[in-house]
Amino acid sequence: MMKAPHELREIAGWMAATDIGFLELRMPGATVRLGRCGDEVVTLDDGQRHDESPVAHRPGATKRSGPPLDTVTSASVGVFLHAHPCATAPFARAGARVQAGQTLGLLRIGVLLLPVATARAGTVAALRVEDGATVGYGAALVDLHPL
Amino acid sequence: MSLSTTGPTPTVSLLGTTALLFEAPGALAFASQQRIWALAQEAAGWPEVREAVPGMNNLMLSFVRPPRTLDALTARLAAAWEAVTPLTREGRVVELPVRYGGAGGPHMADVVAHTGLSVEQIVELHSAPLYPVYALGSHPGYCYLGGMDPRIATPRRPVPVLSIPGGAVSIGGAQTGVSASAGPSGWNTIGSTTMTFFDPVRDPPATLQPGDRIRFLVEGIEP
Amino acid sequence: MIEILSNAALATVQDLGRLGSLRFGVGTAGAMDDLALAAGNLLLGNEAGAAGIEIPVFPFKVRFAEDCVFALTGADCGAKLDAEPLLPWWSHRARAGQVLTLGLPQGAQRASRAVLCLPGGIDVPEVLGSRSTQMRGAFGGHEGRALRKGDVLRAADPKRACRTGFGLVPPALALPLQLDGLVALRVLPGAEYLGFEAASREAFWAGEWRITAQSDRYGYRLSGAALRPVAPMELRSHGIVPGVIQVPHSGQPIIQMRDAQPSGGYPKFGTVIEADLWRLGQAPIGSRIRFIETNWDEAVAALEQKEAWLAKVARMVALQRSGPMGVAA
Numbered sequence: 001m002m003k004a005p006h007e008l009r010e011i012a013g014w015m016a017a018t019d020i021g022f023l024e025l026r027m028p029g030a031t032v033r034l035g036r037c038g039d040e041v042v043t044l045d046d047g048q049r050h051d052e053s054p055v056a057h058r059p060g061a062t063k064r065s066g067p068p069l070d071t072v073t074s075a076s077v078g079v080f081l082h083a084h085p086c087a088t089a090p091f092a093r094a095g096a097r098v099q100a101g102q103t104l105g106l107l108r109i110g111v112l113l114l115p116v117a118t119a120r121a122g123t124v125a126a127l128r129v130e131d132g133a134t135v136g137y138g139a140a141l142v143d144l145h146p147l
Numbered sequence: 001m002s003l004s005t006t007g008p009t010p011t012v013s014l015l016g017t018t019a020l021l022f023e024a025p026g027a028l029a030f031a032s033q034q035r036i037w038a039l040a041q042e043a044a045g046w047p048e049v050r051e052a053v054p055g056m057n058n059l060m061l062s063f064v065r066p067p068r069t070l071d072a073l074t075a076r077l078a079a080a081w082e083a084v085t086p087l088t089r090e091g092r093v094v095e096l097p098v099r100y101g102g103a104g105g106p107h108m109a110d111v112v113a114h115t116g117l118s119v120e121q122i123v124e125l126h127s128a129p130l131y132p133v134y135a136l137g138s139h140p141g142y143c144y145l146g147g148m149d150p151r152i153a154t155p156r157r158p159v160p161v162l163s164i165p166g167g168a169v170s171i172g173g174a175q176t177g178v179s180a181s182a183g184p185s186g187w188n189t190i191g192s193t194t195m196t197f198f199d200p201v202r203d204p205p206a207t208l209q210p211g212d213r214i215r216f217l218v219e220g221i222e223p
Numbered sequence: 001m002i003e004i005l006s007n008a009a010l011a012t013v014q015d016l017g018r019l020g021s022l023r024f025g026v027g028t029a030g031a032m033d034d035l036a037l038a039a040g041n042l043l044l045g046n047e048a049g050a051a052g053i054e055i056p057v058f059p060f061k062v063r064f065a066e067d068c069v070f071a072l073t074g075a076d077c078g079a080k081l082d083a084e085p086l087l088p089w090w091s092h093r094a095r096a097g098q099v100l101t102l103g104l105p106q107g108a109q110r111a112s113r114a115v116l117c118l119p120g121g122i123d124v125p126e127v128l129g130s131r132s133t134q135m136r137g138a139f140g141g142h143e144g145r146a147l148r149k150g151d152v153l154r155a156a157d158p159k160r161a162c163r164t165g166f167g168l169v170p171p172a173l174a175l176p177l178q179l180d181g182l183v184a185l186r187v188l189p190g191a192e193y194l195g196f197e198a199a200s201r202e203a204f205w206a207g208e209w210r211i212t213a214q215s216d217r218y219g220y221r222l223s224g225a226a227l228r229p230v231a232p233m234e235l236r237s238h239g240i241v242p243g244v245i246q247v248p249h250s251g252q253p254i255i256q257m258r259d260a261q262p263s264g265g266y267p268k269f270g271t272v273i274e275a276d277l278w279r280l281g282q283a284p285i286g287s288r289i290r291f292i293e294t295n296w297d298e299a300v301a302a303l304e305q306k307e308a309w310l311a312k313v314a315r316m317v318a319l320q321r322s323g324p325m326g327v328a329a
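Residue numbers (this note's numbering), protein chains in the order written: chain A, 1 to 147; chain B, 1 to 223; chain C, 1 to 329.
To be clear, the hints were calculated from the coordinates, so they are not data collected in a lab. As the structure is a computational prediction, the values presented were derived from the model and not from experiment. Positions of the beta carbon are idealized from the N, C-alpha and C atoms, including for glycine.
Pair by pair, the computed Cβ-Cβ distance ranges are:
{"#": "1", "chain 1": "B", "residue 1": "Arg-92", "chain 2": "C", "residue 2": "Ala-138", "range": "24 to 34 Å"}
{"#": "2", "chain 1": "B", "residue 1": "Val-159", "chain 2": "C", "residue 2": "Arg-93", "range": "44 to 54 Å"}
{"#": "3", "chain 1": "B", "residue 1": "Pro-165", "chain 2": "C", "residue 2": "Glu-234", "range": "22 to 32 Å"}
Partial list, computed: chain C residues near chain B (C-beta under 7 Å):
{"#": "4", "residue": "Gly-20"}
{"#": "5", "residue": "Val-127"}
{"#": "6", "residue": "Gly-243"}
{"#": "7", "residue": "Ala-299"}
{"#": "8", "residue": "Leu-303"}
According to the in silico footprint, chain A covers these stretches of chain C (three or more CB under 8 Å from chain A):
{"#": "9", "segment": "77–91"}
{"#": "10", "segment": "158–168"}
{"#": "11", "segment": "305–316"}
Given the sequences, and given the hints that come with them, work out the whole structure.
Below you can see the structure in the form of C-alpha cells.
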C-alpha cells in the first residue's frame, strides 16, 4: 500500500521523537527513505543513503512447488530478535508449527520491544533475517508454509 | 547518641545524592538544638530542599533533586547557621503515666545490674526531669528526648529484641524514649505507657513536636 | 479487581515512596526497584509513580475478577496466564476468571522482585502523600500490611482501553553495571569514611560482598572482610536515607533499603547512590556484589541517565500506544 503524505508526516513525526536515524519504507513500486538531519527528519534521495548495515530483504518468496509461502514482514524499522533478551530459546525454529497470532520474533526499536506475529497458522519455512540484524519497514522476516 | 563532642566548626557530609547532613559543633546542648530548629525552619523554604529534618544537634536536608553543585547550598547553610537566632519553642508539657518494671519493663533488672541502683532509685531518677523533645525519628511518631540523668545510662543490648510493643519506655545509652509502635529495638525496656504518638490521618500526624516536653508520672512499680 | 490466591508473604503495595514526612519519623518505603515500577506503569499509560504490587516471594498467584490489562516488570518469573506463558517486561490483557502465576525468578540476569501494575495504579488510599505500605506503624498500602491470601485489590481505572502486547528491554540490559561479572553499585563515601582503617577502605572497594539471608526491605546485611574503625565512633542520632551503608560494631556493613527508618546512629561508610539502588533491590539473597567509588558529579550524572532512560520509555510507549506504527493487540 502506498503511504499517503499525511501518513508519511505522522511517521516522520514519530521518528523524530525516537533515536532512530534512518527509516526505509518499501511499498509496491516505491521506496521512501527518511533520514535524520539534526532534529529534523527529511526524505532522502537514493544517493544520500549512507547508513548502517544493509537492510535485510530479499524480494519475493523462494520458488518451489506447492502453495505459495506466507511471508511475515516488519511493521517498522528496528532490530529483529529471534528470542526475548531475557531468554535464550528462540520463539520459532524452521519446521515448527505455529498458530495464528503466535509471536515468531521481536522487533527492538530503541527501548521498545514489539512482537512479530503471524496472522495465519502454518509451519515455519525459514527465518529470513539473522538474530540481531537491523531491518527496514516491510522487510521479510519469516516465511511460513500455510496450513 | 553519646555526649561526645563534634569538631570546632559545623560539618556537612553527603547522604548519596538524596540528602546532606549538617552537624553542629561542640557538646550536645539544648541551646544548640534551638539553633538547629531555627536553621530547619529557614532551610525548609529553600528551593532545592524537599524537607529539613532535625536530628540530635544536626540537620538533614533532603533534596527535591540533587543540585548541580553543592558549594552554594553549603555556603548558604554555613552563613545561616551563624546568623540564626535560637528558636524558643514554648511547647506543651505532656504527662505520661508509666508502669515501671514487671511484664511491661522486662529489662529493668539489666539497668539495675549496670547502674548498681535500686528499682526505686532508677524510677525516681527517670521520672524526675522534664524531658525536651529534640527531634522525631526512628519510626513514626518516635521522639528523641534530651535530659536523662546520666546515672541511669545503660548500654544498648548486645542482641536487639525482635519486637517491643508500642508504649515501651526504654533506655539506650544516655538516652531515653517511648516506642510509638511495635518493632525491633536494642534498648532496655523499663516500663510501659498507653499514649498514642502517631495517627497518619491527623495533621500533623505526630502527637508531639520538637519543643514539647514530656514528664513521666509513676503510675506504679511492679516487681 | 484481582484476588490474591497464594500466601503472598511479603508482597506489598508500593509506589515511589513517601518522601515528605521524615521529620515525623516516617521513612520513605517505596518500590525496591523503582525503575521496574515506573516502567510497568508507563507501559499501561499510568503515571510513573502509581502504586503497584511488589512481589518478592514465589510462587505468587492472583485471579482477575474482570477483564483487565496489566503489566509485569522486574524479575522474570516465567509468568503464566492460566497455561499461557507470558513475556517479562510486557503489557498483557487478562479475561475475567484467568489466573496469573509467577514462578521462581529465572534467566541469566536473575532478579528477585517482580512488579505487577494495573491500569490507573492499585486503588488504595493515599496516606501522607503516598500509597506505599509503611510496615512500622501499619499504614499506607493495603491496610498497612503485606498482602494475604483472599485479599481483593482494585485497579484505579479498571476499564481503561489500552493497547497491550508490547514490552521493554529490561534496564539490567539497557543500563548494565558489572565488575568482574558481579552486579556493581556506585558508592559516595560517607561522613565517617576516613574514620575506618586504610586497609578496610581498600578491602571494601576490592572485595566481593555477599548478601546474607538477614536481608529484606529494611536493610541488606552484607558479609565480607570486616570494616575496622581507627577508633570506636559514637554518633548522635541523625537523619539517614535508603542507600546509606552503616557499619555496626561487628564490622559487617548494613545497607539501608526502602523500609529503613529515617534516622540512625551507626558510622556511615558511604551511600549507594540513588541511581543504583534498584540494582541492589533486585540482587538476590546469597548473591555477591561489588562496589565502585564515585563522586558527586558522576552520581548526579548517573541519576540523569536513569531519568533519561525512563523519559525515553515514556516517549516510546506513548508513541506505540497512539502512533501509526502501533501494533494492535
